Amino acid sequence: MEAHGAILQVQSLRKYFPVRAGLFQTVQAQVKAVDGVSLHVQRGEILGLVGESGCGKSTLARLIQRLIEPDAGEVYFNAENILHLPQRALKPFYRQVQMVFQDPYSSLNPRLNIEDAVAFNARVHGDSRSVARTKAWEVLHKVGLHAEQFGRRYPHELSGGQRQRVNIARALVLQPKLVILDEPVSSLDKSVQAQILNLLQQLKDDLGLTYLFISHDLHVIEYLSDRVLVMYLGQIVEVGRAEDVSSQPLHPYTQALFASAPTMNPDDRLDHPPLTGDPPNPINPPSGCRFRTRCPHAMAVCETATPPLLPMGENSRQVACYLYTPQTEAGSVRSSVP
Amino acid sequence: MADTTVIHLPPDLLEGPAGKPMSYWQLVWWRLRRDKVTLGAASIIVLIVLAAVFAPYLTAYEPFQGSIRKRLLAIGSPGHVLGTDEQGRDMLTRLLYGGRMSLTVGVTPVCVALLVGSTLGILAGFTGKRVNMVIMRTMDIFYAFPSVLLAIAISGALGAGIGNTIVALSIVFTPPITRIAESVTTQVRAWEFMEAARVSGAGSLAIIRHHMIANVLAPIFVYASTLVSVSVILASGLSFLGLGASPPAPEWGLMLNTLRQSIYVNAWVPALPGVMIFITSMSFNLLSDGLRDAMDVRL
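Residue numbers (the working numbering), protein chains in the order written: chain A, 299 to 636; chain B, 88 to 386.
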């Protein structure tokens with residue numbers, strides 16, 4: 299689906315990791331980590347990407363950031379195909395697209411104090427030591443860490459929330475346009491999560507950023523995102539505005555996800571979990587629709603081929619499920635759902 | 088980043104000091120200062136080094152000057168505190184001057200191996216599979232030989248002499264250091280801040296210099312320091328076998344050899360070079376242990 303004004307466009311991205319075993323380390327199988335993912339990110343929006351552990355979200359983030367080279371597909375940033383650029387020409391791209399990592403501890407060099415850690419990014423792009431330090435202080439101030447108090451501290455002297463602020467500061471010091479956040483709050487306590495999420499929202503408004511926000515936590519995604527992508531076993535299964543997807547999830551997997559999210563209301567306890575078992579092995583995913591082995595609505599057609607991601611009603615809603623395709627009997631009833 | 092070795096430290100060494108933030112090296116120094124055994128070992132080494140450097144000022148005798156009339160005097164003889172050797176040379180003088188050679192041949196190979204081994208190991212850990220394989224499998228060839236045998240073989244092939252001993256020992260010590268360097272580099276590379284450094288747009292060389300070296304150097308350095316004590320013993324052993332220094336050089340291992348026959352005449356004087364080798368090697372050993380404890384800070 300062509301999107302105009304999209305800052306990032308990904309088409310049919312694919313990455314398989316070879317599994318080597320045996321005497322000569324021959325390739326025995328492929329882990330189909332990301333299998334044909336297409337998405338676009340509009341300028342100025344927060345796109346949430348939600349999925350279970352192991353569904354390929356982090357791999358997707360690293361493919362977009364070109365930390366890993368994809369096997370197939372295209373990635374366009376500002377309408378420029380960044381996959382065709384040689385490694386050394388990637389520097390300006392990295393200036394525009396930055397990443398915040400998940401583990402607040404191992405994503406900081408334990409031997410650098412935080413002002414040096416943040417200033418490093420600026421110095422890479424040609425700033426002198428003093429200019430870089432000034433920039434580092436400014437951005438640390440923006441994330442709530444005052445340089446006089448925190449500048450010379452080392453990562454082991456900061457709490458998890460503070461370290462994550464440093465990570466955010468480091469990503470923002472180059473004034474990027476797009477920030478990819480790979481589960482930035484998953485390792486933090488709930489109260490700290492709220493602080494960091496509010497900080498992210500505020501920074502986005504102040505600096506005019508665009509976010510690709512990856513998480514496995516539905517509440518977090520709901521709270522922050524404008525649009526939501528749901529990912530399962532390397533493929534996108536549902537797309538839509540956050541309020542639409544949360545109020546009326548269409549794909550059976552999305553429905554199960556939202557039903558499984560624990561609430562604070564003790565009367566809302568579930569008798570049996572909506573989704574049982576573990577996701578199938580990405581080395582050997584089920585034929586056709588990958589969710590069919592756990593899906594309560596599985597039909598015969600689901601075995602045949604992977605359901606395509608088709609538009610569903612308005613507001614850029616998309617679902618990849620045979621329940622909603624006009625060809626199937628069930629689909630012709632439901633395809634009138636807005 | 089889990090470390091499975093358990094180090095039993097007294098509780099006050101486990102925490103750092105409160106107050107102003109400390110960098111990693113400041114923290115190491117702070118911990119070292121409080122470890123009595125390590126400080127003791129370090130002082131002994133400093134003493135030996137100073138004695139070796141200022142040997143001419145500490146004794147009146149010359150190391151090569153001997154009087155046959157005064158052979159094999161016992162320890163405590165008038166004028167010769169530690170006795171004389173089989174050619175009548177003053178033992179104290181020979182030991183002090185011998186310190187120069189033994190320390191040099193002990194420390195230099197480790198320094199050379201540290202430089203060469205770290206470079207090769209970091210290169211192997213950082214670059215692709217093929218380069219890694221070439222470097223590591225080449226090192227494995229050397230690693231297959233027991234170190235003493237390898238040192239003797241190389242020394243024998245190159246011929247006698249201190250220079251050749253240093254070369255031989257450098258070759259012996261490079262593979263273990265390469266292996267450690269490669270292993271640590273591979274581990275550090277997997278940490279997320281290395282990915283973050285790549286995302287900043289920095290080139291590989293800048294990343295290695297600013298982010299990797301500091302994190303990788305500490306374990307390599309600790310391992311290399313344990314090799315110094317081995318090196319002192321190996322160097323003395325090679326000289327003992329006649330493959331290192333040649334007479335009349337005052338080298339401790341060589342002195343052990345030439346004094347061998349004299350055990351029947353005077354039992355204690357021939358043991359003195361061995362005592363010096365022991366003290367030196369042991370001090371380096373304790374120092375390296377203390378260094379390892381101080382550097383393995385749980386940050």
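Hint data in this document are derived by calculation from the structure and do not stem from the laboratory. Bear in mind that the values here come from a model prediction, so they are computed numbers and not experimental data. We put the beta carbon where it would ideally sit given N, CA and C, even for glycine. Hints are supplied without guarantee of correctness; some may be wrong.
[To be verified] If you anchor each label on the Cβ, the simulated ranges turn out as follows: (1) B:Gly215 - A:Arg312: 20 to 26 Å; (2) B:Lys123 - A:Ala319: 50 to 56 Å; (3) A:Leu383 - B:Val203: 20 to 26 Å; (4) A:Pro578 - B:Gly215: 49 to 55 Å; (5) A:Phe322 - B:Val203: 37 to 43 Å; (6) A:Leu383 - B:Gly248: 52 to 58 Å; (7) A:Glu436 - B:Leu134: 50 to 56 Å; (8) A:Gly424 - B:Gly127: 36 to 42 Å; (9) A:Ala319 - B:Thr206: 32 to 38 Å; (10) B:Gln113 - A:Asn379: 46 to 52 Å; (11) A:Ala377 - B:Gln113: 45 to 51 Å; (12) A:Gly320 - B:Thr225: 56 to 62 Å; (13) B:Trp112 - A:Gln473: 30 to 36 Å; (14) A:Thr432 - B:Pro143: 54 to 60 Å.
[Unchecked claim] No farther apart than 20 Å at their CA atoms in a straight line, the calculated lysine to any residue pairs in the SDA-like style are these: (15) A:Lys389 - B:Ala147; (16) B:Lys216 - A:Leu365; (17) B:Lys216 - A:Lys502; (18) A:Lys502 - A:Arg318; (19) A:Lys389 - A:Asn379.
- Message: Could you work out which of the previously given hints the structure breaks and list their numbers from low to high?
- Response: Hints 3, 4, 5, 8, 12, 15, 17 and 18 not satisfied by this model.
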